[in-house]
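Protein chains in written order, with the working numbering: chain A, 567 to 1093; chain B, 567 to 1093.
Note that these hints are calculated values from the structure, not bench results.
Computed from a predicted model, the values in this text were never measured in an experiment.
Any given hint might turn out to be false.
Since the list can't tell identical chains apart, any single copy or any two copies may satisfy a pair.
To be verified - Computed list of lysine-lysine pairs in BS3-like fashion (alpha-carbon distance at most 25 Å, straight line):
no. : residue 1 : residue 2
1   : Lys600    : Lys580
2   : Lys1016   : Lys1074
3   : Lys789    : Lys1008
4   : Lys1016   : Lys903
5   : Lys885    : Lys789
There are 2 protein chains.
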Amino acid sequence: MQIQPVLIDGVWQKARFPVGSFKATNPATKEPLKEIYPTSSFADIESALQASRRASSELRSIRPEAIADFLESYANKIEKYREALIQIASLETALPEEPRLGSIELPRTTNQLRQAAAACRDRSWCRAAIDTKNNIRSKHGPLGGPVVIFGPNNFPFAFNSVAGGDFAAAVASGNPVIAKANPGHPGTTKIFAEMALETLTENNLPRGIVHLLYHFEPEDGLKLAAHSLVGATAFTGSRSSGLRLKKAADEAGKPVYLEMSSSNPVILLPFSLEERPEQIAREFFTSCTMGSGQFCTKPGLVILRQGPQSEVFFDYTLKLFRQTPGGILLGQNTLDKLREAVARMALHGAEIVTGNKESGGPGYSLANTLLRVSGEGFLEHPQELQVEAFGSASLFVFAQDNEQMLKIVESLEGNLTGTLYSDSQNRDDDLYNKIEPILRLKVGRLLNDKMPTGVAVSPAMNHGGPYPATGHPGFTSVGIPASLLRFTALHCYDNVRPHRLPEELQDKNPTGRMWRFIDGEWTQRDV
Amino acid sequence: MQIQPVLIDGVWQKARFPVGSFKATNPATKEPLKEIYPTSSFADIESALQASRRASSELRSIRPEAIADFLESYANKIEKYREALIQIASLETALPEEPRLGSIELPRTTNQLRQAAAACRDRSWCRAAIDTKNNIRSKHGPLGGPVVIFGPNNFPFAFNSVAGGDFAAAVASGNPVIAKANPGHPGTTKIFAEMALETLTENNLPRGIVHLLYHFEPEDGLKLAAHSLVGATAFTGSRSSGLRLKKAADEAGKPVYLEMSSSNPVILLPFSLEERPEQIAREFFTSCTMGSGQFCTKPGLVILRQGPQSEVFFDYTLKLFRQTPGGILLGQNTLDKLREAVARMALHGAEIVTGNKESGGPGYSLANTLLRVSGEGFLEHPQELQVEAFGSASLFVFAQDNEQMLKIVESLEGNLTGTLYSDSQNRDDDLYNKIEPILRLKVGRLLNDKMPTGVAVSPAMNHGGPYPATGHPGFTSVGIPASLLRFTALHCYDNVRPHRLPEELQDKNPTGRMWRFIDGEWTQRDV
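Bound conformation, chain A alone:
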């Protein structure tokens, strides 16, 4: 059977000197799928770099409206061919066609592309600042080199490297993309790239804006992130791979944005458990097991105070976990890593109360897993017990008293999210007020009375957080327009003649509606 072509410089072509090949696997059956994909050599990467650098120059003279048209036409095309996408994505990931892929993730993906298009048209995202007295003007602009996107395994659409949030943000901010498919769903990614290329062609845009390679050796990935022609790298995946990429990019002085791992602590304050233990247990169960627990914001750590109410709550949760079979996982690697994480926690004093057994069915699956440990036990190995268990597994930490609860929160690593449940009468406020200032500094998004899964595409969202959840606490990978800023440089123009200024910085507001910061106030008016 023929090996699938890669997309370089607008042409589907045979990989040059591939260093290997691979097939995707159907996680529900463990059977390999039939298509064969190349593992690219650096020759392909080098060609993609050169071509995308050219596209980067061409993009400088393309109007934002044309980019917006592209993003919208692409979203339309994705909707038109939604059945094909849903079918192959479900085969490759075992995520259910409905509601997950068809009714949740696909609309989210096209919505992101359309929001990015709107940001493009609106132009306010670039944060134009004009100082009329000094005649100094600045705005955020593209990097001049491609954005390399490493997509994760768990969102074949919404975080796909040629269709997801990073892609939308990179293109909307004027950068070409070199996408590395997640090798778990190469077929899905290929269809996206085909549609993206078709759309570019139909819209008379440079075809070199989108490149697709399916896979390459980790060492070549590091070389790529550090390459002089690269603009920036965006990565969503495991901490170990993320840290290697970070090191390579940092040493070369290249911007890199990483979403690496998070245990997403959920802190249940005592009166909340007295008030509504069953309701919270149901919410927790749903959040922890949805998508087989394969979300970066899955609650992997529950912190509560020991006592009868907490035991009632735990028992109720346990019942829900036990009565529901484990979902299908994304693959052998996901299963192995999940078991490793559970084993590591058990080795460091956590008791496995339920789960941690393979289902015995034809697919990759582990029974829903709950672990527990005392507050004292947790504080003996806080680092080892904060390992991300990617799958439906969670560790309950029973603190002996409020003071110990605070110590546990103090010992938390940087996380994407941190959640506090409290009772509706604010009787938990005293303890809340002690915990919140500590938790606030450890997380990107702080929630009340709501589980952390479900990341709204909102201008106020932060899908980010302190290291090691990400590489920089000031940026978000979800939420438009903020996510665009990752792929930009601040461009200042000092005394530059009016006709040479980019439209966004000229006296006349280019859209009549763009928000600009002129002489200290945000305004839509002309200078």
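Using the hints, position chain B against chain A.
Relative to the frame of chain A, chain B by itself:
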């Protein structure tokens, strides 16, 4: 004579287990000054970290207005004791009392503190975003640990680690500071710290907001930047030290902002030299020799096309350089590094046309230096010829034609600034339009017809640029409010109860004037 005390936890105290001591030198006489300062051991650093971490928590409950009051009172006190500051700074740096220190740098410093205070009161800097439909709200908030500031040698006031732009930005954004004095001007820095501490006390603020150590071993600096208690590090100085700090901070996942070096290319387009060679020569001469050329935005590289007009211009420049004696440099180290840089350029094919001789006077001084090289010669060693020569030295590159000029611009490293001079009739526009897209991506601030020295404290300023000029192309160290964002994390609140939200994110606009991004528009209204 007694060794000077360090400032830790609000108390001037003896350094514990100092690893050495040093004196500052008067660069105009090469005589050591009389005060002795300790080189701190890590014991002092550790104490400062612990104390500033406590101050960091205390700062969370302090209103921005109180911080603003502090910054303004501090500016007032600086003005009140200006004579003492000017006198010691001039002794320690040999920078002239007037106009430089008294009429330029000191007002700039107090102006920065007052602008930071105004940003504090205004609160718009935190970029509050509110999504009412999803009830998600976010803003930038402090890091929860101290900002470590390494100040440079060349601005004893405006970039001083306890009074300059980084200090103002760190405090205004709610962070305590651990200042490392530049060992070139420890006495100046001590007076600032005394005034800052007095002002904190008078304003009933935590005294642990400001710490001062004079010096420590480079290895301890790396440990500090990587320390788990640190919020972020800001550094202005040499590339070699900056890169070491970057590596240490990056490996620990700690934010670090670096301003490292820049040759600040000035490109003189042919018609500009035909039109006004003498005027441009005077502007260049002033910019290159002002402050003895010791500015990070000093034009160290001039790119022009060979030909009779360029020779006329060069001769005129040469005359100005020859007829003016070299200024006093900041110290032996500055002189050594300047000579090294000139020697390195000469070794790689540049001809030293004038200068490069010590003045023979009592101070550290080198004659104003000009070098030249052909475009071909430059392209043989583009990296070695872009070494920053910190002092009044500059390299002229004579390109053979427009095409070679473009190649030279292509070979430039990341710089803080890039300047294009063109004639007033826009006859240079064709060439401008070819060069600008390349130069734009290499620099933070692009100028027209104006030398790059002189960095206005403007909301539209970018004193930053692509690596290796800095460590990240998206941030500026000068310009309020943007410079504050470096020392913050993005804090998102999802479904958080109204009374638990920070004031900036509550429905009611806390000042009635603060700009917030509510449901897609910038507004000063309440929700």
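For a quick check of understanding: which of the numbered hints are violated here, in increasing order? Of the numbered hints given earlier, those the structure breaks are 4 and 5, listed in rising order.
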